[in-house]
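*Asks:* Just so you know, the protein sequences line up as chains E and S, in that order. Letter by letter, the first sequence follows residues 1 to 392 in my numbering. Letter by letter, the second sequence follows residues 1 to 290 in my numbering.
Source of the hints: derived by calculation from the structure; they are not laboratory data. Cβ atoms here follow ideal geometry from the backbone N, Cα and C, with glycine treated the same way. A hint or two may mislead.
Said to hold, decoys possible - Simulated restraints on C-beta separations: (1) E:Leu382 / S:Leu275: 50 to 56 Å; (2) E:Leu199 / S:Ser279: 36 to 42 Å; (3) S:Ala93 / E:Gly187: 35 to 41 Å; (4) E:Pro383 / S:Arg130: 44 to 50 Å.
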Amino acid sequence: MKRSLVRRPAAAVLALAFTLAATACAADDGSDGGSTKGAIKVGSINGITGLFQTPEVPQAVKAVFDEVNAAGGINGRKLELISKDDAMNPQRSTENEVELVQSKGVVALVGSSSAVDCGVNRAAYKTAKIVSIPAVGVDPACFNSPDIAPVNPGPFKLLTAMLYYASETLHHDKVCLYYTTLPGSGGGISDAIKEWETLTGKQLAAKDTAVGEGDPTPHLIAAKQAGCQAVLYNAQVGPWFAQAQTQGMQNVDFIMGANSYTDANAKLVPSGMRAYVGTEWQPYTDTTLPGNGRWAELMDKRGIQRTAFSQGAVMAADVFVQVLKGMKGDITRKTVTEAFKKMSPIEYPMVGSPWVFGPGDKHNPVQGSRFVKAVDGKWQVLPEGFIVPGKK
Amino acid sequence: MLNSVIAGLSSGGGYALLGLCVVLTYRLVAVVNFAMAAVGAMGAFTMVSLTDDGLNVWPALFLGVAVSAALSGVLGALLIRWFGEHNERTKAAVTVAVYVAVMAVGLRLFGATSTGARRFPAPFDGAVFRIGDVVVSWAVVVSLAFAVAITVGVEVMLRRTLVGLRLQALSERPGTAQVVGISAPRLATAVWVAIGALTALVIILVAPRLGGDFSTLGKLIVTALAVAMVGGFRNLPLTLGGGLLLGCLEGVSASLSEVREYRGVIPFLVILVLLWWRSRHEVWDTAHSR
């Protein structure tokens with residue numbers, strides 16, 4: 001008993017000494033991202049498990065980095081991707097940020113694809129003066145933070161494009177919105193609608209932002225009674241279209257968000273129903289589209305699933321590499337951040353507008369959407385090209 | 001307004017069926033089973049995966065129901081063997097743990113919301129009649145008929161048959177039931193197996209209207225528990241009524257723009273008020289009896 005009491009303070013001192021030593025070692029190793037030699041460490045926070053799963057994203061970023069490394073790297077230095085799974089758990093996302101930014105000393109975050117990363121880590125990225133280029137920006141914080149610039153239009157710019165497509169391309173006067181609103185997204189949705197109203201001078205015929213899980217029939221009946229010609233929709237595909245078919249809504253154009261653009265969902269649209277999806281990149285189901293060839297070849301070569309998310313991953317990695325190749329001198333967190341804030345726009349064929357990071361307080365550089373239609377259980381690319389609101 | 005009530009009523013049959021499964025489990029084996037819908041979803045997804053692979057719908061349905069029955073049977077056997085002497089709260093806690101595990105495994109096996117969405121066979125999608133703007137399909141009629149059949153059938157079985165009597169004895173006094181010669185573990189396991197099979201059938205029936213992916217179907221337990229509460233986890237006809245009421249309330253709240261934003265909450269608030277209204281005398285009596 002006595003011995004253990006004596007040992008306790010000693011153990012505490014020893015533990016403190018270890019902690020201090022470890023901290024000192026980490027600083028020497030470049031924990032502030034100031035390393036000028038060895039591999040260029042790049043972080044990424046992805047949803048690998050949990051409800052929002054994008055396991056192909058870090059694989060696709062790594063595939064691009066491996067290509068660059070095989071060709072000699074950046075100024076002779078290899079790119080090293082360190083991907084962490086946050087399982088859509090805010091606590092784990094924060095722990096990932098601490099490990100990547102503070103312990104591993106990454107120079108930037110590239111190709112993140114987490115539903116919670118931007119929201120919980122934006123303040124930490126600002127403090128660390130580090131930039132993040134997510135492959136898939138999900139929550140509003142991804143599009144209104146000074147240190148984050150995703151390579152996808154995101155749900156709000158996409159919504160404006162979908163409304164614009166319904167009213168200006170399909171020429172409908174009665175456009176309706178039946179949406180599920182995630183917490184914190186209401187303002188973004190209102191702003192997107194306002195942008196469309198300003199551009200077109202039109203108003204929504206019906207708006208319901210409280211569509212949840214459960215039987216969609218009451219919402220469909222409301223849409224029928226409002227005389228909707230086009231319905232914008234972002235929730236579950238199967239029950240919605242099954243009930244719309246039962247309710248005889250074959251003459252309505254249903255336009256869904258990019259979250260519905262999966263092979264599984266194409267099979268859920270009953271024949272005779274008109275279902276469109278607004279995509280964020282060139283539709284991934286057609287490899288002949290500009291920018292898709294290289295991506296598809298790379299995915300097939302590495303055995304990675306071809307999805308819209310892996311397109312975002314390749315684009316995020318490509319723009320990162322392009323900016324780094326244009327840098328002169330040391331590649332550290334500080335110089336990388338400076339390079340992104342001062343960069344020139346990059347024309348990337350997979351999206352509707354040039355991508356740029358820039359010095360602003362918020363970033364949503366990619367605009368516009370390309371539309372696909374469900375035909376016989378598959379998505380068919382429509383010929384109009386990218387629909388960028390306000391751009392004829 | 002009538003359109004909204006009819007539209008809501010159409011989903012009420014499905015909600016009632018889910019609530020009835022919860023009440024049945026509680027009445028027969030005295031467990032509030034949080035894993036019920038997830039176990040049913042396992043069977044439903046087994047079936048739909050097999051039909052996607054080209055298997056005929058009938059053998060696929062049989063195998064799917066068998067998977068849920070087996071899973072439910074294993075859960076029941078586990079509860080009987082290891083937690084037989086524990087109180088209801090502990091047993092409910094065990095089913096919560098099983099719910100989390102089954103959901104995690106199901107998501108892994110069958111995918112998340114968009115990638116794992118499946119088209120369930122919907123043989124009852126045809127229209128029967130039209131009221132105002134609402135087309136009422138056979139699925140609605142079948143759900144309601146199934147719910148009424150369970151309510152009446154189980155009441156008759158419990159009151160008029162020997163098996164029913166034994167089951168009641170088992171749920172209310174398992175120890176005494178065993179002393180008088182009823183093979184409690186075997187009978188209870190059989191009940192778990194039967195409820196697993198029934199749940200799978202219910203989930204397959206409601207999937208085209210209420211789900212489509214594993215996560216949504218597994219989470220239907222929340223609605224099922226709310227409906228079961230209306231019947232006090234005991235009264236089958238009240239549970240049936242609770243399901244229909246929940247459907248109607250959902251329909252009405254979706255049609256009123258002032259309360260639409262709170263559509264998900266309103267039915268549950270109304271149920272809470274109903275429960276309070278019904279139990280206010282019980283609380284008064286209980287307070288006096290102490």
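*Asks:* Going back to the hint list, which numbers does this structure go against?
*Replies:* 2, 4
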